[in-house]
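Undergrad: Read off the chains here:
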Amino acid sequence: MAGAHSLGIDRIACDGYGMCAELLPELVDLDEWGYPIMGSAPLTGKALGHARRAVAACPALALRLDRPPGPAPDRRSAPRS
Amino acid sequence: MTDATTTPTDLTALTALQTGDGRDGMLGPYGSRLLHGWYDTGRAAGLDEHLRRYGPPPFPRTAAAADRLVRAVDDAGLTGRGGAAFPTGRKLRTVAGGRGTAVVVANGMESEPASRKDETLLDLAPHLVLDGITLAAAAVGADVAHLCLPRTRQNQAQALREAVEERRRVGLAPVPVQVHELPHHYVSSEETSLVRWLNGGDARPLATPPRPFEKGVGRRPTLIDNVETLAHLALIARYGPHWFRGAGRPDAAGTTLVTLSGALRTPGVYEVEMGLPLGQLLDIAGGPAEPLGSVLLGGFFGSWLPAEQAVRVPFAKQDLAALGAGPGAGVIVALPARTCGLAETARVLGHLAAQSARQCGPCRLGLPAVAADFADLAWGRVTPEAVRRLEDRAALLAGRGACRHPDGASRFATTALRVFADDVRHHLRLGPCASAGDEPVLPVSDSPAPDDQEWR
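Order-wise, the sequence lines are chains A and B. Residue numbers for the first sequence follow my numbering, so the first one is 4 and each next one is one higher. Residue numbers for the second sequence follow my numbering, so the first one is 8 and each next one is one higher.
None of these hints come from the bench; they were simulated from the model. For every residue, glycine included, the Cβ atom is placed at its ideal position computed from N, Cα and C. Warning: the hint list may mix true and false statements.
[Claimed, not checked] Some chain B residues flagged as far from chain A (calculated, every beta-carbon gap over 10 Å):
#1 R50
#2 E169
#3 A214
#4 G368
#5 L372
[As the list claims (entries may be wrong)] Restraint ranges, calculated between C-beta atoms of paired labels, are given here:
#6 B:G53 / A:G42: 48 to 58 Å
#7 A:R56 / B:D459: 41 to 51 Å
#8 A:L51 / B:L330: 51 to 61 Å
#9 A:P45 / B:R97: 21 to 31 Å
#10 A:E35 / B:D150: 21 to 31 Å
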């Protein structure tokens, strides 16, 4: 869906506090060590509001809201030598 | 591993291309391009010999000429030879159009333990790579270029510094090229690791965005290409896209360097046409030395395939993708049928776990757990529940790191469980098989995990 935000995460900054799973149980699951498992589904309406709160609550400042992709290639198709 | 010191023996497989068709330098024996000099003379090519064979590199002097070069690379259908097979022309265009003066980084790190092709190319045809670096720099408007090599190859780095200096003396250096020696760890060859190191940090992957093509070295748009990719670019600049497409298929153009190893009669580095069936590539290396059970494609970042399926598949991104594999950096290892694939896989996973940058949770905790589970499966006693847990843990690694290290480990473990399913059943019922303790086929160094001081 064009124009919608999605959840992003800095995997290096993430320390596995698990606040995201607590605040967004419908979007974030945790692995057995407490690190998040999440999809990249577009967020709209109520979910977007909840996501904003979770981003603000992340103690490691690892969780973020990604804006709709611009003209640059997305992560999967990004060049990698 | 014998590198390119073995000469292909199966001439019929290699003469599909015309050899030496009048324009000197365009094609060498066996249709070789990058390894033309090697097949001609059996030794490394110095600058004089290089210029005699290929002529001087046609540096674009105007913006229009630079644009024509980018278009030629586009039209040639050249894709990256470092692993991801991304279209090189598109990458050039993106960096050229970025904000600020661009930087070029040539990746010669080659951290795949079963790969030798970049080291071989840099030894045998250093000036082809240096041509490619300076031509790419001109194409994207860069004012500096960096050649990144592992610290373990000091002689090669020294030889390349001398080659750079020699080119500067004869006026073949429109852009300065700096040769660097970086720590040699598995994830240090990842492109964000190069950027981070060149910016004064550790040779460890960075979180993205921004990607290096947006903000890389010095926060400038940065073109990072494998050294072989750049050598192909140097020939496309001379002979054009039509010539480049004279080998390979429309959707998999040109030739590529492969490192063929394992149970083959003449293992080594070879230059082959893209799109040939994998079985034909194995024949170029003398064919199987004994009955094969499976083939590892893409090295430790790659996929296992059953031998009978592997030999039929064309070596091209599209065909390999249908089997969940990819050309990777051209690493192909033939595993004998008598070998325990589970033991081979367990050793590699142990290495990958030790070699991670230990920055992200999934690599710090998930990957060592997968490696330990796999070691139990190979050499200990396991229950069906433990195997199911291993499958789940391995699948869960993918897509959850700053770089693709966990993705590679996940693919390696998951395809092993599928291809060696019979061995899994056997180990479940009876414990480790007799060959689980055999000498390894895959080269796994027993160097300890790098500590935090060893990344700079």
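Undergrad: Now tell me, hint by hint, if it's right for this structure.
TA: To see whether the hints hold, each was checked on the structure:
{"no.": "1", "hint": "R50", "result": "holds (29 Å)"}
{"no.": "2", "hint": "E169", "result": "holds (25 Å)"}
{"no.": "3", "hint": "A214", "result": "violated (5 Å)"}
{"no.": "4", "hint": "G368", "result": "violated (3 Å)"}
{"no.": "5", "hint": "L372", "result": "violated (4 Å)"}
{"no.": "6", "hint": "B:G53 / A:G42: 48 to 58 Å", "result": "holds (55 Å)"}
{"no.": "7", "hint": "A:R56 / B:D459: 41 to 51 Å", "result": "violated (35 Å)"}
{"no.": "8", "hint": "A:L51 / B:L330: 51 to 61 Å", "result": "violated (39 Å)"}
{"no.": "9", "hint": "A:P45 / B:R97: 21 to 31 Å", "result": "holds (26 Å)"}
{"no.": "10", "hint": "A:E35 / B:D150: 21 to 31 Å", "result": "violated (50 Å)"}
The earlier numbered hints that this structure contradicts are 3, 4, 5, 7, 8, 10.
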